[in-house]
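The task is simple: from the sequences and hints, build the whole structure.
If you're matching them up, the sequences are chains B and W in order. FYI, the numbering for the first sequence is 1 to 281, going by my numbering. FYI, the numbering for the second sequence is 282 to 572, going by my numbering.
Hints are not guaranteed to be accurate.
Derived pair list, reagent style DSBU-like, types lysine-lysine, alpha-carbon separation capped at 30 Å [unchecked claim]: (1) K281/B with K264/B; (2) K368/W with K183/B; (3) K122/B with K429/W; (4) K368/W with K122/B; (5) K264/B with K487/W; (6) K429/W with K119/B; (7) K53/B with K119/B; (8) K523/W with K491/W; (9) K48/B with K122/B; (10) K244/B with K512/W; (11) K568/W with K437/W; (12) K368/W with K213/B; (13) K281/B with K244/B; (14) K154/B with K523/W; (15) K566/W with K118/B; (16) K410/W with K203/B; (17) K53/B with K28/B; (18) K429/W with K203/B; (19) K491/W with K122/B; (20) K512/W with K48/B; (21) K264/B with K512/W; (22) K118/B with K214/B; (23) K487/W with K429/W; (24) K437/W with K119/B; (25) K244/B with K213/B; (26) K53/B with K429/W; (27) K119/B with K491/W; (28) K487/W with K309/W; (29) K283/W with K53/B; (30) K283/W with K403/W; (31) K566/W with K495/W; (32) K403/W with K154/B; (33) K410/W with K118/B; (34) K210/B with K429/W; (35) K244/B with K53/B; (36) K214/B with K429/W; (37) K309/W with K119/B; (38) K568/W with K183/B; (39) K154/B with K429/W; (40) K355/W with K118/B.
These aren't lab readings, by the way, just hints derived from the structure by calculation.
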Amino acid sequence: MKIAIASGKGGTGKTTLSTNLAVYLSQKYKVVLIDMDVEEPNSGLFIKAELFKEENKFKMIPEWIKDECTLCGICQEVCNFNAIIQLGTKIMVFPELCHGCYACSELCPTSALPMIPKKMGKLRHYENNNLSFVESRLDIGQEQATQLINQTNKYVDEYFPGEIIKIYDAPPGTSCPVMEVTKDTDYVILVTEPTPFGLHDLKLAVETMKELKKNYGVVINRYGIGNDEVQNYCKEENIPVLAKIPNDRQIAELYSSGELIYQKVPEVEQQLENIGNYILK
Amino acid sequence: MKEIVVISGKGGTGKTSITASFAYLGGKDVIVADCDVDAADMHLLLQPDFAESEDFYSGELANISQDECNQCGKCADVCRFEAITIKDGRYIIDPFECEGCGYCARVCPTNAITNEELNVGKWYISNIKTGTTMIHAKLGIGADNSGKLVAKVKNKAKQIGKENNKSYILIDGSPGIGCPVISSLSGADYALLITEPSVSGLHDLKRVHKLVKKFNINAGCIINKADINQKVTREIEEFLYKEEILHIANLPYDETFTMAMTMGETLVEHTDNDLTEIISGSWEKIKQILT
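This is the structure we're talking about:
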């Protein structure tokens with residue numbers, strides 16, 4: 001069972017829900033929590049577990065071998081991303097623009113552009129009894145989160161095969177990194193808040209899920225602030241509202257200190273149980 | 282003309298609400314660019330009129346003509362993105378996986394593959410209620426290349442700002458540290474970092490600041506909801522001091538932000554209280570730094 005926790009808008013409570021739900025469910029089941037917000041991974045701040053394994057993650061980029069190059073210009077011509085450019089008698093590679101398609105390397109008639117690994121981030125895997133936690137973080141200055149997300153997905157699939165509960169904390173937005181995280185999951189929980197920004201970005205997220213033909217439901221965080229429009233929208237669109245987490249200063253304070261909420265706020269524990277019952281039914 | 286980029290690393294710290302208030306205070310002196318193209322919200326507070334719009338094309342998508350395909354499978358062999366699969370004896374492209382690198386089309390012996398340019402969104406030039414121009418955009422669902430759309434919005438704002446002798450470009454950035462953020466930072470004069478006193482807020486602030494440092498951009502910081510956690514607020518203040526980031530202001534947690542938002546207003550037009558005074562003071566401070 002793969003569950004992604006996503007949202008259009010940032011800061012609506014994805015990480016809060018992911019970490020609380022993962023730890024809560026791990027009381028009964030074996031759970032893997034994966035932080036896929038590789039640009040700004042935060043789940044680890046809330047999870048207590050022992051580091052089990054860490055590995056650097058690489059992307060493949062071409063490296064120019066001057067002595068083999070005949071300056072034919074094919075590499076520059078075939079690159080759709082302007083990541084390789086011929087300047088006079090020099091070939092320049094721009095690793096941050098490279099998507100790793102291998103076209104320049106494999107179409108080079110003299111094999112002057114072998115692909116070499118370049119580090120883009122690091123994956124860490126932690127263990128605590130029933131709970132496994134995997135996070136990847138993108139190196140600062142790297143642009144393409146998608147490749148790191150893809151490699152993290154592969155690691156998780158290989159390391160945790162079978163029907164174990166996997167919870168993916170997604171990055172905000174609706175663009176390529178979010179698609180990469182949600183595309184292979186069985187269910188997506190969209191976290192929102194009952195404000196105009198929350199509603200607007202929820203609609204974008206819902207469109208994305210429809211496009212991907214996903215099963216999805218909504219969790220309303222900070223319930224009580226703002227207005228009723230998110231609820232009305234969910235009703236009109238027949239989107240199940242799995243839980244409502246109250247707008248409560250105590251919750252904000254617990255979160256701010258890196259603490260799990262459900263252990264201190266019984267109402268949140270009840271909401272987590274509802275979510276668990278719904279998605280695991 | 283000075284370029285101010287508002288970013289935060291972490292989402293939901295109040296970037297858009299604060300930027301929109303500055304836009305309101307700046308009035309005709311500023312041109313506004315909403316570079317959070319992935320989840321653009323600023324229009325909900327500034328009510329643009331969508332006066333002009335243009336489609337945005339970026340990237341390509343491969344398309345296999347089944348009539349010309351001889352099922353040799355070379356395309357699937359070279360594709361590094363697992364975007365070409367065989368189904369009922371036909372090679373088909375998964376549009377979500379295709380990166381648009383064009384490699385498959387180059388190796389296809391029967392020229393069965395063409396690349397179509399992708400319409401990945403729309404961008405707009407609008408008039409807003411403060412008597413100025415706003416450039417904004419809407420990225421298509423699941424689209425790649427948000428960095429390029431950000432660059433488009435920003436460059437258009439620059440051009441129009443210059444033509445109209447604006448003093449400032451105010452840019453609302455996106456969360457994270459990846460391609461759209463890098464794109465919004467390039468060439469900026471000032472990075473305004475909005476954070477909140479939570480362990481996540483501080484963690485993300487540190488990462489986004491590392492990125493800002495790489496670009497050698499002068500930075501200042503506003504701590505929003507500062508009273509939610511005094512201890513973390515102090516930690517953030519120490520970090521700002523150590524990194525020589527100007528600490529512009531602390532804003533208290535205040536649900537008036539949300540009330541203003543539900544009425545489609547910026548906070549400074551919605552009400553006049555201690556909070557709006559701090560926001561006005563912050564805007565004056567930023568203008569001073571940039572003179």
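Tested hints:
1. For the suggested pair K281/B and K264/B, the alpha carbons sit about 26 Å apart, so the restraint of at most 30 Å is met.
2. As the CA atoms of K368/W and K183/B are separated by approximately 19 Å, the hinted pair is consistent with the 30 Å bound.
3. Taking the CA atoms of K122/B and K429/W, the gap is near 26 Å; set against the 30 Å cutoff, the hint holds.
4. Simply put, K368/W and K122/B have alpha-carbon atoms about 36 Å apart, too far for the 30 Å limit, and the pair is violated.
5. Between K264/B and K487/W the CA atoms are separated by roughly 29 Å; this keeps the pair inside 30 Å, and the hint holds.
6. The straight-line distance between the Cα atoms of K429/W and K119/B is roughly 24 Å, inside the 30 Å bound, and the hint therefore holds.
7. For the given pair, K53/B sits about 17 Å from K119/B by alpha-carbon distance, which is consistent with the 30 Å threshold.
8. Annotation: proposed proximity of K523/W to K491/W holds, straight-line Cα distance about 13 Å (limit 30 Å).
9. With a CA separation close to 19 Å, the supplied pair K48/B and K122/B stays within the 30 Å bound.
10. Straight-line distance between C-alpha atoms of K244/B and K512/W comes to about 29 Å, which keeps the hinted pair within the 30 Å bound.
11. The suggested pairing of K568/W with K437/W holds, with an alpha-carbon distance near 22 Å, which does not exceed 30 Å.
12. About 19 Å separates the Cα atoms of K368/W and K213/B, which keeps this hinted pair within 30 Å; it holds.
13. Restraint check for K281/B and K244/B: satisfied, since their Cα atoms lie roughly 19 Å apart, inside the 30 Å limit.
14. The hinted pair formed by K154/B and K523/W fails the criterion: a straight-line CA distance of about 40 Å is larger than 30 Å.
15. Under the criterion of a C-alpha separation no larger than 30 Å, the hint pairing K566/W with K118/B is inconsistent with the structure, at around 42 Å.
16. A hinted pair counts as satisfied when its Cα atoms are at most 30 Å apart, and K410/W with K203/B qualifies at roughly 25 Å.
17. Annotation: proposed proximity of K53/B to K28/B holds, straight-line Cα distance about 24 Å (limit 30 Å).
18. Taking the CA atoms of K429/W and K203/B, the gap is about 23 Å. The hint holds against a cut of 30 Å.
19. For the hint pairing K491/W with K122/B, the CA-to-CA distance comes to about 17 Å; that is within 30 Å, so the pair holds.
20. With a C-alpha separation of about 21 Å, the suggested pair K512/W and K48/B falls inside the 30 Å cut-off, and the hint holds.
21. As the CA atoms of K264/B and K512/W are separated by approximately 20 Å, the hinted pair is consistent with the 30 Å bound.
22. A C-alpha spacing of about 34 Å is found between K118/B and K214/B, which places the hinted pair above 30 Å, so the restraint is violated.
23. A distance of roughly 25 Å separates the Cα atoms of K487/W and K429/W; the hinted pair therefore holds under the 30 Å criterion.
24. Our distance criterion of 30 Å between C-alpha atoms is broken by K437/W and K119/B, whose separation comes to about 34 Å.
25. Annotation: proposed proximity of K244/B to K213/B holds, straight-line Cα distance about 24 Å (limit 30 Å).
26. For the given pair, K53/B sits about 36 Å from K429/W by alpha-carbon distance, which is inconsistent with the 30 Å threshold.
27. Pair hint K119/B plus K491/W holds up; C-alpha atoms about 18 Å apart against a cutoff of 30 Å.
28. Pair hint K487/W plus K309/W does not hold up; C-alpha atoms about 34 Å apart against a cutoff of 30 Å.
29. Pair hint K283/W plus K53/B does not hold up; C-alpha atoms about 47 Å apart against a cutoff of 30 Å.
30. Note on K283/W and K403/W: the hinted pairing holds, with a Cα-Cα distance of about 26 Å set against a maximum of 30 Å.
31. Proximity of K566/W to K495/W is assessed by CA-CA distance (about 24 Å); at most 30 Å being required, the pair is judged to hold.
32. With a C-alpha separation of about 34 Å, the suggested pairing of K403/W with K154/B is violated against the 30 Å cut-off.
33. With a CA separation close to 48 Å, the supplied pair K410/W and K118/B exceeds the 30 Å bound.
34. Of the supplied pair hints, the one linking K210/B and K429/W holds, its CA atoms being roughly 25 Å apart against a limit of 30 Å.
35. In summary, the hint linking K244/B to K53/B is not supported, as the alpha carbons are separated by about 36 Å, beyond the 30 Å threshold.
36. Among the hinted pairs, K214/B with K429/W is consistent with the structure: their alpha-carbon atoms are about 28 Å apart, no more than 30 Å.
37. Annotation: proposed proximity of K309/W to K119/B is violated, straight-line Cα distance about 46 Å (limit 30 Å).
38. Only pairs whose Cα atoms come within 30 Å are accepted, and K568/W paired with K183/B is rejected, the gap being roughly 45 Å.
39. Restraint check: the Cα-Cα separation between K154/B and K429/W comes to about 28 Å, which is no more than 30 Å; the hinted pair holds.
40. Taking the CA atoms of K355/W and K118/B, the gap is about 27 Å. The hint holds against a cut of 30 Å.
Hint check: violations occur at hints 4, 14, 15, 22, 24, 26, 28, 29, 32, 33, 35, 37, 38; the rest are consistent with the structure.
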